[in-house]
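Visitor: Protein chains in written order, with our numbering: chain X, 23 to 298; chain E, 2 to 322.
Source of the hints: derived by calculation from the structure; they are not laboratory data. Quick reminder that beta carbons are idealized off the backbone N, C-alpha and C, glycines included. One or more hints might be untrue.
[What the hints assert, rightly or not] Covered stretches of chain E (chain X as the covering partner; in silico rule of three or more C-beta atoms under 8 Å from a C-beta of chain X):
#1 85-99
#2 113-120
#3 226-235
#4 277-290
[Unchecked claim] If you want the ones that stay clear, here's a sample from chain X, every Cβ over 12 Å from chain E, calculated:
#5 P73
#6 E74
#7 T77
#8 F85
#9 G90
#10 I139
#11 E154
#12 S176
#13 A177
#14 P212
#15 N231
#16 F233
#17 L237
Single-letter residue listing:
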Amino acid sequence: MSRGTRSRPNYLAGAGSLVWLFLVGLPLYVMLAATVRTRSDYAEHGPLSFPESFTLDNYTSAFDSGFGRYFVNTLVVTACVIGIVLLLVPPLAYAIVRNRSRVTSHVFRLFLLGLAIPAQAVIVPMFYLISEAGLYDNLLGVILPTAAFCLPMSALILSGAMRDISPELFEAMAMDGATPRRMFFQLVLPLSRGGLSTIVVFSALQAWNGFLFPLVLTQSDSTKVVTLGLYNFQTEHGIDIPGLLGAVVLSMVPVLLVYLFARRALVQGLMGVGGK
Amino acid sequence: MNRMTTQITSAPVAAEPRKVARRRPEASSAARVGRPGFLWALPATVFFVLFAIAPLIMVAVLSFMSWNGLGSPEFVGLDNWSRLADDPVMLKSIWLTLLLTALGVVIQTPLSIVLGVWAAGHQRNRAVLSVVYFIPLLLSATAVSVLWRALLDPNFGIPARATWLFGDGNLFGGQATAIGVLAFVSTWQFTPFHTLIYQGAARAIPQVLYQAAEIDGAGRYRQFFHITLPQLRNSVITSMILMIVGGLTTFETVLILTQGGPGTDTTISAYYMYQKAFKGFDFGAGAAIALALVIAATIVSLIVVRVSGYDKMRSDMEGVS
C-alpha cells in the first residue's frame, strides 16, 4: 500500500516526541534516583547528579511516618467504591439499554449531566451533609461521595458496552420465556465483561487518586488516605525530599501494577469520556 | 468497623433490583418481551441524587446563606454575592482562572495533536516510548504536584542547580514564574491524556484518504493539514472542552505548588473557594464561588453533550487502543 511517504521517517514529529520523552523521563529519573540516596547526598550533589549512595531508608521512613495505615485506608475506600459501583451500575445500564420508557431516558440524561459536575463544586454542601449525617472523619463519609461521582462515567461506559449486545440474543431468550432477571445474569453480565472491567478500573483510579473529598471530609491520622498523606508529608517534612519522593513512588506502585497487567482496561478506564 | 457500616447502608439498595425482578415479569412479561422495568435503574438513581444532585442544589441554597461550619445556616439574601463582587481577590481570581485555562488550551492542544498523531503511526520504537509517555497519567494530581514541588524546590531542586537558566532559582517567588510553573505542571500531567484522545482518533482515519492523497502527490505536511487535522475536528472539540472544564476546576496543583501565592498572585477561583470555606469558615461565600464555577462548567459541558453527540446515546469507546 502506501509505502512511499508513510515509511519515510517523520523527523519533525520524531524530534517533538524525543523532547517530550526528555520532559517526562527526566523528572521520573530524578524521582527514582532521589528515593534511593541519602538526604545528605541529595542536598549536597543536587537532584540531577548520579546517586553516590544507596539506601532504602526513604521507603522505610515513609512507612514509619504512617503510610502503612494510609495504604490500608485507601484500599478500604477503593474496595468499597468498586463494590458500590458494581452493585449499582450494571442494573442501571441494563435499564438504560433495554427499558424503553421515557423516564429511563430522562434518568440517562441526568447521569450525562452529572458528568459535568466537578467535585470542587459540591464540597461545601457535601461537608454540611456528611457532618449532619455524623460521618465526618469517617471513611464511609469519603466512600459515599466518591462512589456517587463514579456513577455517571461508569453508566456511560457500561451502557455503551451493553448496547453492543445483539438484539437477536435477547429475542431468542425471550422466546424461551426468560425473565429480565435471567437475561441480566445469563446474557448481559457475561457479555459485558469488558465494560465491567473498565468501570472497575475507572472507579478504582478515582478512589485511589481521590484527594478533595478526603481533604475536606476527614481530619485525623486514622482516616487518612495516601494522597492526603503525601500532602501532609509535603507540608510537614517538605525539606526531606528523598523521603517525600519515596512516598510518591509508593503511592503509584499499585497503579503501575494494574498498568502492567491490565493495560487495555486501564487505558479505557482513564479515557472514559475521551474515547472517541 | 467501617466495612460493616458500608454493608448496612448499601444492603437495602442492593437488594432492590432482585425484588423488582421477581415481581415484574408476572405483571407484564408477555407485553414487554422480557424488558426490565424502570425499577432496575432506581437504586443507582437514588444514590446519585442523594450524593451528587442534592449537594448541587444545596450549593445554590447555601450561596444565599451564612454558615460558619457550626450551628445552622441562616438566610442572608444576596449578601455573599455582593461581598464577592466587591472583593478584589475574587475578581483577580477570575482573571487568573481564565488565564490559566487559556494557557492550558493553547499549550496542550498543538502538543497533544502532534504527539497523538505521531503515536498513532507504526514506528517500531513507538510502543516502548508510549509506555514512558503515559506514566504521568498514572500519577494522581496530588502525586504530580508533590513531585514537581520537590523537583522545583528553591533550595534543593533543579532550579537551584541551574541558576544560569532560572535566575535566583525561586520560581515560586514571582507571579509570572509561579503561573508558568502551574501551566507547565498541568501540561506535564494532562498532555498524555489528550494525546491518547488524538492517538485513538488518528488511528480511526481511513487509510484510503492518505492513499488517494499520495496518488495526487500530496506530501506529508499537506496530508497532515488537509486530511489529518480536518478528520480530528470532533476530537479537538472534545479535548478542548475537557481542558476548559479541567482548567476551571484546577485545585490540587495550586494548593500544593503555590498555596495561591506569592500573596494572592496565583489564587484561582477554585482555590479561593476552598480558602473562604475551609480556612475562613465563610461557607456561604464558598458556596457562591462554587455555584459560579458550576454554572461556567455546565455551560461548557452542555456544549460537550451537544457537539459530541453523547445525547444521541452512541457507543463512545470506538478507537480506544
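Visitor: For every hint, state whether the structure bears it out.
Guide: Each hint, compared with the structure:
Under the rule that three or more residues need a Cβ within less than 8 Å of chain X, the assignment of the segment 85-99 of chain E is violated, with 0 such residues. With 5 residues having a Cβ less than 8 Å from any Cβ of chain X, the segment 113-120 of chain E passes the three-residue criterion, so the hint holds. A stretch counts as covered by a chain when three or more of its residues have a beta carbon under 8 Å from one of that chain; for the segment 226-235 of chain E and chain X the count is 1, and the coverage is violated. Taking a C-beta to C-beta cut-off of 8 Å, the segment 277-290 of chain E contributes 5 residues in contact with chain X, enough for the three needed, and the coverage statement holds.
Under the 12 Å C-beta cut-off, the non-interface status given to X/P73 relative to chain E holds; the minimum distance is some 15 Å. Listed as a non-interface residue, X/E74 keeps its Cβ farther than 12 Å from every Cβ of chain E; the least gap is roughly 15 Å. Every Cβ of chain E is farther than 12 Å from the Cβ of X/T77; the closest lies at roughly 17 Å, confirming the non-interface assignment. X/F85, annotated as away from the interface, keeps every beta carbon of chain E farther than 12 Å; the closest lies near 17 Å.
The claim that X/G90 lies off the interface holds: its Cβ sits roughly 17 Å from the closest Cβ of chain E, which is beyond the 12 Å cut-off. The non-interface label for X/I139 is inconsistent with chain E: the shortest C-beta to C-beta separation is roughly 6 Å, within 12 Å. Separation of X/E154 from chain E is inadequate, the least Cβ-Cβ distance of about 10 Å not exceeding the 12 Å criterion. The beta carbon of X/S176 is not kept farther than 12 Å from every beta carbon of chain E, the shortest such distance being approximately 9 Å.
Distance to chain E contradicts X/A177 as a non-interface residue, since its nearest Cβ pair spans about 7 Å, not more than 12 Å. Under the 12 Å C-beta cut-off, the non-interface status given to X/P212 relative to chain E holds; the minimum distance is some 16 Å. Under the 12 Å C-beta cut-off, the non-interface status given to X/N231 relative to chain E is violated; the minimum distance is some 3 Å. X/F233, annotated as away from the interface, has a beta carbon of chain E within 12 Å; the closest lies near 5 Å.
The Cβ of X/L237 sits about 8 Å from the closest Cβ of chain E, inside the 12 Å cut-off, so the non-interface label is violated.
Checked against the numbered hints listed earlier, the structure breaks hints 1, 3, 10, 11, 12, 13, 15, 16 and 17; every other hint is satisfied.
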